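Engineer: These two chains come separately, so use the hints to put the complex back together.
Line by line, the protein sequences give chains A and B. In this text, residue positions in the first sequence follow this note's numbering: the first is 1, and each later residue adds one. In this text, residue positions in the second sequence follow this note's numbering: the first is 1, and each later residue adds one.
Be aware that a few hints might be false.
From chain A, some residues computed to sit far from chain B (all C-beta separations above 10 angstroms) [claimed, not checked]: (1) Glu10; (2) Val34; (3) Ser54; (4) Tyr55; (5) Thr91; (6) Asn120; (7) Phe261; (8) Asp314; (9) Arg330; (10) Leu361; (11) Pro385.
List time: in silico EDC-like cross-link candidates among lysine to aspartate or glutamate, alpha-carbon distance up to 20 angstroms [unchecked claim]: (12) A/Lys92 - B/Asp467; (13) B/Lys167 - A/Glu362; (14) A/Lys39 - A/Asp85; (15) B/Lys77 - A/Asp85; (16) B/Lys14 - A/Asp145; (17) B/Lys167 - A/Glu122; (18) B/Lys167 - A/Asp359; (19) A/Lys176 - B/Asp161; (20) B/Lys399 - B/Asp443; (21) A/Lys255 - A/Glu319; (22) A/Lys92 - B/Glu486; (23) A/Lys201 - A/Glu170; (24) B/Lys140 - B/Glu188.
According to the in silico footprint, chain A covers these stretches of chain B (three or more CB under 8 angstroms from chain A) [unchecked claim]: (25) 24-32; (26) 338-351; (27) 472-478.
FYI, nobody ran anything at the bench for these hints, they're computed from the structure. Note that this is a predicted model, so its numbers are computed, not measured. Using N, Cα and C, we set each Cβ at its ideal position, and we do this for glycine too.
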Amino acid sequence: MNKRKYFYLEPFVYSKFINNTLFLYNFYSTDYYVFTLSKRESLLKSFVDRLLNSYSKVTLLTESDLLDEDIIEFVNICRRYFFGDVIQRITKPFIFSPTPQLDMKNKGYRENGQFIKIINKEVIKNVHVFSLSKATNCSDRNLCDNGYKQIQFPVILSNGEADNNNLGLEFLLRNKIAGLERIDFYSVKILKVFKVLNMQKDNVKVRLHYYYSDILFNKKFLELFKSVRNSISINIWANTSVNNDILLKVINLLKKEKIIFKVNFVVTQDQDLKLAKSFFQENNAKYKLIPFYNGNNYSFFKHNVFIDNSFIADSQLSEREIYANSFINRLRFGKVYILPNGNVHTNLLLNSIGNLQADSLEVIYDSLLTEDTSEWFTLKKHKSPCSRCVFHDLCPPLTFYEYAMNKYNLCKYDIKENKWF
Amino acid sequence: MHASVFFRTNNNNKYVFSFNKKKIIYSHPLLEYFYYKDSLRDNKEDVSFDLPKEVLIDKVKYNDEINYYYSKYLMLKKAGFFEPINSKQYYNGKLSVNSIKYELSNLKSLVFEVTEGCNLKCDYCFYGDKYTQYDDRSSKNLPVDDAKAIIDYLVKYWLSDKNVFIKQERFIGFYGGEPLLNFNFIQEIVEYANKIKKETGLILRFNMTTNGTLINRYIDFLRNNKFSITISIDGNRDSNSYRKYHNEKETYNDVYNNIKYIRSNYPKFYKTNVILNAVLHDKNNYIDLQAFSKKEFDKYIIANVVNPLLVGNEFKYNNHTYDFNDKENIRCFLHSGEKTHYKAFLRNFSNYFFDTFIDLLYPNRKTTFHPTGTCIPFSRRMFVTANGKILPCESIAHKFALGVVNNAEVNLDLLEVSDFYNKKYSKIENSCKSCYKINFCNDCMFLHMQNNEKNYSCSRLHKREYDGFMNRHYGFFESHPNLFEEIIKDEGLNE
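Bound conformation, chain B alone (with noise of 0.2 angstroms):
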């Protein structure tokens, strides 16, 4: 059971969170004494506590206070505020074949590892020989008629009525290693599509991410068949200088001007096309990063930090501050990770953020809710690796393959992976269980389960390490209240 949870801002102002309204409010004193009174008296809470000090003293003088905050404590009492929720109602949730099905219809992003080849060896590369996570790579190309047979396997999907969105824009996603090294699959794919939109009226489009290195060889395929292009940079020249040839010679003139190149003479392409994409290490820094990329080439990039949960601490990333009384700093904040994850807490901590029409009209429409953040099959994309293994992203390991193609062949059995993730809750669920992230998690369950299947962790949330999760949340938006309109804004939420 989550009952609510009080909590403290190094503001020293103090909030009460209910599970069951999903509203956060101001926690007077006098608030917080009478729901523990009542949790002592229910034995819900092993807390003991008492009125603050000043009222202790003279009650008398109180008296007001403590009959008004009494009344206010009742009235949201009565309104179910307190009500603890039952953390079953969290988890209930088995994944069906139908609702696989339901993703593959809907699915939004098909991604190709077209070759695992790359004519760079940076040294953070997950794929690297240090990390072990992935199939061993060589230079193998995934098979042209193999990925056909991946297209026209959820082309039936796509066409079906499980398909829910009209002209919905699908991308065909071409990565690697280096996916220019094997661009005859690229061309022959993209004619491959094109041929499928013509027949279906099927809205496909095409993205990449590449290193930078030998686009310019292609632009001209790519700004005429629309391609959405992220190339990789991580800033300047000693930031970028993990990336790197085989013969250790640095990639950083020959990125640097292919972009500048494409700036210059596709200049609407690039604009509206080409972005940028950068990974944080020990390195360089999100602030100096961004306002290099904005003199440079006028554009903020998108940066991730590196994954330490598949590289290990090697290049941790010594984190950047904000000074947001600077726009340009504010500007940054509202291109970074970070504020999608803040975004994330004000959906989760709140009940009036709302995706669609149907979610405010049919609150009760059953929502199943899985253990941990994990995605659903292909409810963001399909991931095939050069060897044909199917995945339901890149960064999960390669044993955890849901399904292969080979020989222009698809098994996909839906029947086993739904079996082979229900496996997976029913084992993570009763830790789940008593985490207070309950609401709020994000975890990906294989990304944990890497290296270690069998005693599975995560960043789960004790109650008594609430405080400072909220304060690290709720104490950000009370320190920056200005972020919060501004993410409001930023992100088109308006009535």
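The shape of chain A in the complex, shown without the other chains (with noise of 0.2 angstroms):
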């Protein structure tokens, strides 16, 4: 029998095609490459078209393909990078292509319009709870009216809501959450944080993260701090309109009790950025810059978050983790953010998902893995334009700013144009 020259993907080669657009990704060696086909028929796109529309990524090089310019420009380039390769055998060869397979009749969802199979209890990971208390010397409205629902700004002004009543603290002092790895607590008294560690699994690591100023308020606080186990830590929250002696006297004492503690800083503008690295630097502190849309700073996001075409090469993303990216929200999936009213949210910008005073447990973890307004599952490719761009599965999941600007292209990548600006 004759021998015949085929063409095959690696399955080490991640390939996505839209809008004669071909992103193929080594994972191996991280190379990439984009291939912009021309929008008419031509041999090149009917061969690759073969080539990516099977399980397995084989495709016969026909003698008119072989004869074709374009297409043995695309296997020499497919080459360089060992995308793939050619090779002559009688029998065509079986690769399994590398398509993420998830079990869909298995734990942990439900089929849309279908009785609920069973639901995972362990998917809930990381629950925020907040109490959110009305700092008065915060001098920035909007950033303390509405900076908890983009960056989980620990403060509001109006509608403050008192622990006392809170429903998410008494939540989670009823309900023992399976799976559950990580609590972050929102101004919430260290008292009431204690009451609820000790209903929750032991190794649960938690975060309090509390407005600058109000650390220094409480001797007691350090003390109970002082006694508890190693898995806690403090974010403390500022801007650059607070008081830097009162921030700095805050650093100190932390420092001096040997507590763990980070600063999240908020910035809006340039100007920020010199100003917080020069501080910190100086007073030798662990900070985050946490950047906020204001609604007036579109340009600072634009040259300061943006992604741009190093995030490739940078993000050196693993295979699962881009397969990950195809299924679910990496950043948000198991995350459930509670406000004291017992509204339950997977995205703060958005309509709540459930109230735990309202619903059972039951329809909220349905709800979690089954609405619209849930977060988990909702992708860039879901979403104008990025549902047109090639690296969607590679891009960093959705986060609040996209919904806060929204913007979903937050990104310096021309769909249209195919190039980087």
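Structural biologist: This is how it looks when you write it as structure tokens:
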């Protein structure tokens, strides 16, 4: 029998073909290439169609293919980056094509329109419980009123809720959450935190979030805090309008007491970046810059937050992470945000998916896995214009910024022109 | 240590499997050459290997190829493709009491051997006189109070916080002998379970495996309680001839008519709740069996080959062959145990099958592996014999009972159970360490120990046998690539 020529894509190569653009990414070398195919019908286009529209990405190289310059160039580029190879065989080889397969009949999901199968209670990994103090010296109204939705700033000036009737805390005091790995408390009194921890399993990690000046109000807080397990850390929130002396006092106090902490410093403009860097380096404190979109600082975001073409090489995503991106929002999956009134959110900028007072735990779990407002399954590829972009499985998952800015492509990639600006 | 393995299929294509990356890639001869050259230098392999003939003859002509595949080899090597795995990684697992408690809390199936009594005397029955793995059979019935005690024992686990599944369906199964010979037991247990359902909110359902000869007497009760029923029939009259009454009279007519009766009088129930089950032996053939069942009963049958470990070679099944150009043959395949086997192969030899979202997100969750493919006790079911012995399944010899229920008291010492398993593991694990089925073992150690506990032997695979193993499996997909797609679609695995 005669040998024939076949071209195949390696099983360690990711491929995405949208609107005449083909993106190939080698998981092992992290090399990638973007091919722009002509909109007209061509041999190359039908070759690529044949190659990609099969579970095993192997296709015959016909005589016409072998004479087509575009196909030859395509094959050569693929060989150069080890995306694929040409072989001469009698029988077509078989390659397990890397299409991620999720067992949709198994635990932890529900078929749309069908009865509930079973829901794995271990899906909730991280609970954010808000109390939200009314910090009267918070001068940035926009940040202080809306910051908790976008960046989980632990303050609200209007409609502030009290600790006494905090349904989120009550929920955690009554229910042991299987699979829980971390709890974030926002402006919650330390005594309440301890009570919650006694209910939940021993190795749950805890992060306490406070507006910077709230740390100083209670000496007892520090005594109590020092007596707890090592898995607790503190995030102090501040921005450029805070009192630097007080901030410094807080930092020094926590250092003195050897408490693990970090300053989440909210930035909205370029000069904030310089100020923050110099202040924290000078005072040797760990910090993280948290951008906040206030409606007027689009250019700040464009220059400092939007991703550029270095992200593919820099991110070095593993196969698993890319596969995960095609099913779930990796950043948000497993996280729930509970407000004092018992509303449960997966995205604070969207409607809640349920309420702890009105809905049973089962209903909440089900909603997490099925509601349209559940961000657990809302992906870049579901949103325009990212749905038309070949990078959508590699991009960072949807954050709250996209919703705050009402713009899903927070990047410097022009989909129409197929180039980075 | 398990290094990468090169293998060739019957179609003469060569591939290499990486244990470390869980990937199979096509292997050019030059790639293999560079791998073995490196391995010889590092003393990892003692195979002598040289460049392909045509390259040896004219190295200049093939210079570009040599450089290309050397670069490819280096790229793969840097990515860890050829990195061997430490077999200890697979066998560091010891069974703990906590893991058994987890399984009990999430138990999906509790099966009672309602009675040892049976109105049939099938020739291949492994409870028959010829076979000694199980307790001597009389007509003993499992006491109702003992069954209730087991249910009460498990309900405590099912309501504990170790149960991680909301609305987990749990099945209470009735087995025998012939379970319908002790219908009173079934009635009482169903009533008891229904009461528990109301009190606790647990979702309890019922199933039964029956020889089908008595079912019509009780069909209303079974339908009203939404039983899932498995009826055994081995095919047409001749194929079914091993299944007979004590007086040697054949059962075919009775079972056939009963199935037909249920189908015509309870069509909805028949469609959703009745499963047909067959044993494959020397008198039947899987393809013909499915054709028969589709024609007569409009159902595919679940068929299992008679287990030689249990009954020897007396009824040995003569393997069938498929014509994969025929759609009906493909459907038969998709309903077969073979499909399950190939699906397991796909999962074990690639790294993009995920069970749950948690697996997608948390790759480094600690996972303990145990030697062999033996199930963790109670991960599949709990089986209680008519004598009150507690076992992890009905196939295991009764001498390996893990506990007992007697006089309504459950004696199941979980520490003893874990010690028992761990002692068995430690005897076996040395022979597992060199086995190349390290990531694909489905051998049950109990089935292999049935006749000889001291000298454990199983279907171990040496490296030199890997060609044959991979050819059977990977070569299967190479020859029938459409079946890869069919299996994926059939399993509902999709993005």
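Engineer: Against each hint, give a clear statement of whether it holds in the structure.
Structural biologist: Each hint, compared with the structure:
1. Glu10: A/Glu10 not clear of chain B: closest Cβ-Cβ about 6 angstroms, inside 10 angstroms.
2. Val34: For A/Val34, whose nearest Cβ neighbour in chain B is about 20 angstroms away, the distance exceeds 10 angstroms, so it holds.
3. Ser54: About 8 angstroms separates A/Ser54 from the closest Cβ of chain B, which leaves it inside 10 angstroms; violated.
4. Tyr55: With a cut-off of 10 angstroms, A/Tyr55 comes too close to chain B, as the shortest Cβ separation is near 5 angstroms.
5. Thr91: violated (4 angstroms)
6. Asn120: About 6 angstroms separates A/Asn120 from the closest Cβ of chain B, which leaves it inside 10 angstroms; violated.
7. Phe261: Given a closest Cβ separation of 27 angstroms, the condition holds.
8. Asp314: holds (18 angstroms)
9. Arg330: Its Cβ does come within 10 angstroms of chain B, the nearest being 7 angstroms, so this is violated.
10. Leu361: Its Cβ does come within 10 angstroms of chain B, the nearest being 8 angstroms, so this is violated.
11. Pro385: holds (21 angstroms)
12. A/Lys92 - B/Asp467: holds (19 angstroms)
13. B/Lys167 - A/Glu362: The hint holds at about 8 angstroms.
14. A/Lys39 - A/Asp85: violated (26 angstroms)
15. B/Lys77 - A/Asp85: holds (18 angstroms)
16. B/Lys14 - A/Asp145: Since the Cα atoms of B/Lys14 and A/Asp145 sit roughly 64 angstroms apart, the hinted pair is violated (cutoff 20 angstroms).
17. B/Lys167 - A/Glu122: The given pair, whose Cα atoms are some 14 angstroms apart, holds under the 20 angstroms limit.
18. B/Lys167 - A/Asp359: holds (16 angstroms)
19. A/Lys176 - B/Asp161: holds (8 angstroms)
20. B/Lys399 - B/Asp443: Satisfied, since the Cα-Cα distance of roughly 19 angstroms is no more than 20 angstroms.
21. A/Lys255 - A/Glu319: violated (40 angstroms)
22. A/Lys92 - B/Glu486: holds (18 angstroms)
23. A/Lys201 - A/Glu170: Within the cut-off at roughly 16 angstroms; holds.
24. B/Lys140 - B/Glu188: holds (17 angstroms)
25. 24-32: Three-residue rule met by the stretch 24-32 of chain B, so holds; n is 4.
26. 338-351: holds (count 4)
27. 472-478: Since 3 is at least three, the answer is holds.
Hints 1, 3, 4, 5, 6, 9, 10, 14, 16 and 21 from the list above are not met by this structure, while the remaining hints are.
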